[in-house]
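Here is what each chain is made of, one letter per residue.
2 protein chains.
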Amino acid sequence: MRFQQLLQVRRLASAGATTLMRPRPTTGTTGTTRPTTNTTAGITTTVRTMAGSGAPIPELTQITDNVQRGNYATLTDKDVAFFENLLGKNFALTEDLEGYNICFLKRIRGNSKLVLKPGTTAEVSAILKYCNERKLAVVPQGGNTGLVGGSVPICDEIVLSLARLNKVLSVDEVTGIAVVEAGCILENFDQKARDVGLTVPLDLGAKASCHIGGNVSTNAGGVRVVRYGNLHGSVLGVEAVLANGQVLDLMSNFKKDNTGYHMKHLFIGSEGTLGVVTKLSMLCPHSSKAVNVAFIGLNSFDDVLKTFVSAKRNLGEILSSCELIDERALNTALEQFKFLNSPISGYPFYMLIETSGSNGDHDEDKINQFIGSGMERGEIQDGTVTGDPGKVQEIWKIREMVPLGLIEKSFCFKYDISLPLRDFYNIVDVMRERCGPHATVVCGYGHLGDSNLHLNVSCNEFNDEIYKRVEPFVYEYTSKLKGSISAEHGIGFLKKDYLHYSKDPVAIGWMRDMKKLLDPNGILNPYKVLN
Amino acid sequence: MRFQQLLQVRRLASAGATTLMRPRPTTGTTGTTRPTTNTTAGITTTVRTMAGSGAPIPELTQITDNVQRGNYATLTDKDVAFFENLLGKNFALTEDLEGYNICFLKRIRGNSKLVLKPGTTAEVSAILKYCNERKLAVVPQGGNTGLVGGSVPICDEIVLSLARLNKVLSVDEVTGIAVVEAGCILENFDQKARDVGLTVPLDLGAKASCHIGGNVSTNAGGVRVVRYGNLHGSVLGVEAVLANGQVLDLMSNFKKDNTGYHMKHLFIGSEGTLGVVTKLSMLCPHSSKAVNVAFIGLNSFDDVLKTFVSAKRNLGEILSSCELIDERALNTALEQFKFLNSPISGYPFYMLIETSGSNGDHDEDKINQFIGSGMERGEIQDGTVTGDPGKVQEIWKIREMVPLGLIEKSFCFKYDISLPLRDFYNIVDVMRERCGPHATVVCGYGHLGDSNLHLNVSCNEFNDEIYKRVEPFVYEYTSKLKGSISAEHGIGFLKKDYLHYSKDPVAIGWMRDMKKLLDPNGILNPYKVLN
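Chains P and S, in that order, are what the protein sequence lines are.
With positions in the first sequence counted from 1, the corresponding number in the numbering used here is that position plus 128.
With positions in the second sequence counted from 1, the corresponding number in the numbering used here is that position plus 128.
Derived from the structure by calculation, the hints contain no laboratory data.
If you're wondering where the values come from, they're calculated on a predicted model, not measured in any experiment.
A few of these clues could be false.
Given that identical chains are not distinguished, each listed pair holds provided it fits within a single copy or across any two copies.
[What the hints assert, rightly or not] Distance condition first, Cα-Cα at most 27 Å in a straight line; then the derived BS3-like pairs of lysine-lysine:
| no. | residue 1 | residue 2 |
| --- | --- | --- |
| 1 | K295 | K644 |
| 2 | K643 | K257 |
| 3 | K624 | K295 |
| 4 | K320 | K596 |
| 5 | K610 | K295 |
| 6 | K624 | K466 |
| 7 | K434 | K537 |
| 8 | K596 | K537 |
| 9 | K241 | K257 |
| 10 | K466 | K537 |
| 11 | K608 | K295 |
| 12 | K466 | K320 |
| 13 | K257 | K644 |
| 14 | K596 | K417 |
| 15 | K537 | K608 |
| 16 | K608 | K644 |
| 17 | K644 | K263 |
| 18 | K217 | K206 |
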């Protein structure tokens with residue numbers, strides 16, 4: 129039977145660009161772009177995540193988490209007058225601030241009384257200089273799509289929104305280098321790049337809302353890291369405003385620039401605690417002429433690993449995503465969202481493998497070779513492969529709805545970890561064993577190609593028994609394997625007490641020294657990253 | 129005629145893997161690996177470079193460059209006894225130190241009285257702790273193949289050789305992640321990677337001598353950056369020993385690891401002035417099944433640019449090198465090294481374009497499409513393309529001998545700059561005009577795909593008139609275009625007075641603060657990077 133399927137694959141492959149291992153349902157979502165909801169969630173939190181418009185407004189985090197306010201000045205009318213004078217009243221907001229105070233997951237709620245919306249780097253500089261002298265705490269905010277409470281105030285910090293710094297300043301189609309302001313929405317940036325045949329080497333669920341400056345400040349990951357690497361490689365230059373208002377010009381439009389210390393990296397992934405990114409240059413690859421997606425079913429994690437190795441070997445330079453979804457994660461999403469259609473069912477593991485290449489015929493050939501040989505060896509059981517943009521989107525939709533499916537109806541303990549691939553999935557089985565019937569679903573999905581697992585433990589409501597079985601075990605387990613307790617979401621407010629599981633005291637000590645050097649008054653994004 | 133050639137290309141392409149646009153001479157160098165002499169030189173220096181075994185031993189740099197010795201302690205017998213006790217007499221050398229004191233180009237000569245060769249990170253730590261307490265200055269040294277005098281003492285610094293920390297600790301063929309000690313020679317590291325089907329994403333002329341730790345410490349560039357990016361993207365983790373002897377463990381085996389500040393980047397490209405890299409992990413791509421090289425002739429730099437854009441579009445994901453050589457640079461090498469055979473001649477510009485892919489047939493198809501369309505448009509005049517390993521090496525040999533050809537017989541002012549591609553070659557013409565008959569050769573070559581130009585001005589001997597015409601003009605010109613005055617070679621000793629042409633005072637001020645924080649006594653690699 130497998131052999132017949134294989135023959136069918138090859139026969140269809142020679143007939144056209146879209147290859148179906150099984151007939152696919154034609155119903156489902158349609159459209160020309162990927163869905164853009166913030167669905168890559170995998171946060172670590174021990175309280176209920178309450179995403180969705182219907183979720184209630186949470187209590188103030190300062191109260192729920194018993195946060196001791198730092199020794200900062202309190203905002204006065206005189207301060208507000210200064211900022212109104214600097215920016216104009218329209219850009220120094222003191223009313224209707226809820227959207228700025230509450231995080232995407234409605235887990236964190238601050239109590240800021242002032243939101244500032246500068247329109248230039250010079251205004252950002254003037255704001256920070258003033259705040260530093262007055263010892264007023266500030267939280268930089270981009271699209272506020274972060275998942276660890278890094279972009280909202282914890283107490284009464286002033287919110288510094290980068291939303292008006294939203295221009296794409298230049299895109300060079302020859303070199304692929306784009307210069308963009310921090311507040312530009314990722315999708316808008318990508319569209320400008322696509323207009324000249326390029327693409328931004330970063331793609332994630334929140335792309336319709338998140339800002340490129342926030343992406344850089346959090347070293348955002350997403351589904352293309354397996355191909356294009358992380359932002360430390362793609363970002364060529366950064367302009368950042370320091371706590372004292374100094375503008376640090378580390379802009380560069382070159383892949384090769386060895387003039388002194390490479391300090392820009394301090395602002396990539398430090399979550400706005402060392403400086404505020406206002407501008408950056410990024411290397412954008414050419415858009416791929418052909419994009420294909422395969423959705424395949426496998427019988428064991430061992431087969432998943434073998435298929436990943438085969439994908440790297442056979443697809444080589446065109447492999448652009450390699451995602452894993454286990455059966456329980458997929459089924460939860462399918463039960464929750466009836467509009468989703470999975471082309472295959474009944475397997476313990478599923479992989480979504482995407483290719484992006486410059487020649488559709490060549491890519492199709494490689495994909496068929498990859499799938500055919502995987503089926504011959506019995507590693508791949510069944511699946512669908514397509515190059516049709518609408519169908520590509522349908523398959524991506526399945527992957528992207530998985531996180532939402534898990535948090536929609538039940539309480540969910542969620543973890544975003546990097547683990548050695550050989551041990552990648554064990555923790556899901558171990559956790560299922562530990563939780564027993566207390567948990568309704570224990571599942572795993574994520575960016576297999578980057579060793580990044582989203583582990584989820586669901587139950588009907590917060591359950592102290594499960595909590596104790598899950599934490600700190602999950603961190604200790606990750607730490608023992610020298611894994612990362614935060615693969616792509618960062619530390620923010622929610623994970624700062626767990627940092628020591630992935631970094632030793634010497635490293636954390638130097639992080640503190642770095643913070644003290646660059647922000648001696650600690651006004652930038654307090655209560656985050658370091659505890 | 130072009131059309132006939134094009135037909136020939138296509139006819140040959142369909143007949144086999146090696147395509148010749150013109151018959152190629154069969155004589156020349158042979159072998160299975162790329163040449164490994166340090167031939168990517170493009171240093172900035174106003175004194176004669178004296179590479180080659182026959183060059184005389186230079187005067188002490190402290191004298192020639194009038195260097196004021198820093199306020200460091202002077203080595204005593206007691207100090208030597210401490211180190212001998214720590215490492216054993218065989219690894220605390222006090223005699224025959226010339227090779228450690230003189231730089232590769234025989235331009236810089238220090239006067240160190242002690243070379244230490246630790247065998248473990250703990251020994252590196254003990255050495256630095258002692259030196260820091262005693263205020264003894266130290267220069268870390270890898271393969272000593274640097275081109276800006278960064279790896280040799282300037283006065284009497286102790287040489288800390290990493291040569292014994294030379295083990296490849298692990299190579300994971302599934303994830304592509306390798307862990308290696310700093311003193312491992314790049315070629316040896318690459319061989320270990322190739323043993324399991326991977327390759328180190330860094331290739332440069334000095335690979336038979338340079339150490340991977342030195343590569344990381346200098347953020348070495350080379351000929352593969354156009355494909356794999358620079359080391360900030362490839363290096364996943366670093367272990368560095370700080371000036372006070374603390375071991376900073378920033379090792380990570382994951383592409384995604386957002387646990388705190390990304391401090392490892394401070395040690396990538398800071399040339400041993402902030403810490404000594406002792407170990408690192410690196411992401412290694414799979415070896416390519418097919419490697420092809422085209423060597424093509426073009427009539428104008430405008431055609432070069434068009435061909436580069438076409439290469440990015442048509443070759444896409446398989447493009448792995450894109451090098452430029454101008455006519456004068458090529459001819460100088462051909463005159464100097466009679467064993468070189470250029471398959472074509474008579475064009476003002478030449479490009480070496482390499483592809484590396486996972487499917488030889490597909491790659492050949494893409495290359496033929498690229499060349500055929502370039503010839504049809506009249507952008508590519510003639511050339512050779514081959515996938516035969518021996519012939520690939522022959523063509524690379526031409527590119528790699530160009531720098532040596534220029535310094536072999538004449539005095540050479542050499543610059544390693546990044547410039548916007550649209551202005552990339554203008555400076556060569558401008559400089560030729562400025563120098564007039566005073567210069568024997570003014571030429572340019574380099575890594576076009578990374579906007580990295582090696583500008584060379586040759587004359588029979590050092591000529592003050594030319595010097596004044598070239599400097600500081602070349603830096604001012606680069607600075608006005610917001611270029612980089614050191615693309616890949618770093619700052620070291622030779623360029624520290626020019627840093628301000630590419631970095632503003634605020635950035636340089638923060639570099640000083642960073643240095644002061646991490647190395648308050650300034651014992652690590654003094655007289656380098658910052659003046």
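Going down the list of hints, with the structure as the test:
Proximity of K295 and K644 under a CA criterion of 27 Å is satisfied in neither setting, with 32 Å inside one chain copy and 37 Å between copies. Within a single copy, K643 and K257 get their C-alpha atoms as close as 17 Å, and across copies as close as 24 Å, so both meet the 27 Å cut-off. In this assembly of identical chains, K624 and K295 lie within 27 Å of each other by CA distance neither inside one copy nor across copies; the values are 33 Å within and 35 Å between. For a Cα distance limit of 27 Å, the shortest separation of K320 from K596 qualifies neither inside one copy, at 48 Å, nor across copies, at 45 Å.
Taking identical chains as interchangeable, the C-alpha atoms of K610 and K295 lie at most 27 Å apart only when they sit on different chains, with a minimum of 21 Å there against 40 Å within one chain. Within a single copy, K624 and K466 get their C-alpha atoms no closer than 37 Å, and across copies no closer than 64 Å, so neither meets the 27 Å cut-off. For a Cα distance limit of 27 Å, the shortest separation of K434 from K537 qualifies neither inside one copy, at 35 Å, nor across copies, at 56 Å. With identical chains, the CA atoms of K596 and K537 are at most 27 Å apart within one copy only, with a shortest distance of 22 Å there and 75 Å across copies.
Taking identical chains as interchangeable, the C-alpha atoms of K241 and K257 lie at most 27 Å apart only when both belong to the same chain, with a minimum of 19 Å there against 50 Å between chains. For the homomeric pair K466 and K537, the shortest alpha-carbon distance inside one copy (14 Å) is at most 27 Å, but the shortest distance between copies (77 Å) is not. In this homomeric assembly, K608 and K295 come within 27 Å of each other (Cα to Cα) only across copies, at 24 Å, whereas the closest approach inside a single copy is 45 Å. Neither within a single protomer nor between protomers do K466 and K320 lie at most 27 Å apart by alpha-carbon distance, with minima of 34 Å and 51 Å respectively.
Taking CA atoms no more than 27 Å apart as the test, K257 paired with K644 passes in both settings, with 16 Å inside one copy and 24 Å between copies. Within a single copy, K596 and K417 get their C-alpha atoms no closer than 50 Å, and across copies no closer than 50 Å, so neither meets the 27 Å cut-off. In this assembly of identical chains, the alpha carbons of K537 and K608 never lie at most 27 Å apart, being 33 Å within a copy and 59 Å across copies at closest. Taking the shortest alpha-carbon separations for K608 and K644, neither the intra-copy value of 30 Å nor the inter-copy value of 35 Å comes in at or below 27 Å.
In this assembly of identical chains, K644 and K263 lie within 27 Å of each other by CA distance both inside one copy and across copies; the values are 14 Å within and 25 Å between. When the C-alpha separation of K217 and K206 is checked against a cutoff of 27 Å, the pair qualifies only within one copy, where the shortest distance is 14 Å, while the shortest distance between copies is 70 Å.
Violated hints for the displayed structure, listed by number in ascending order: 1, 3, 4, 6, 7, 12, 14, 15, 16.
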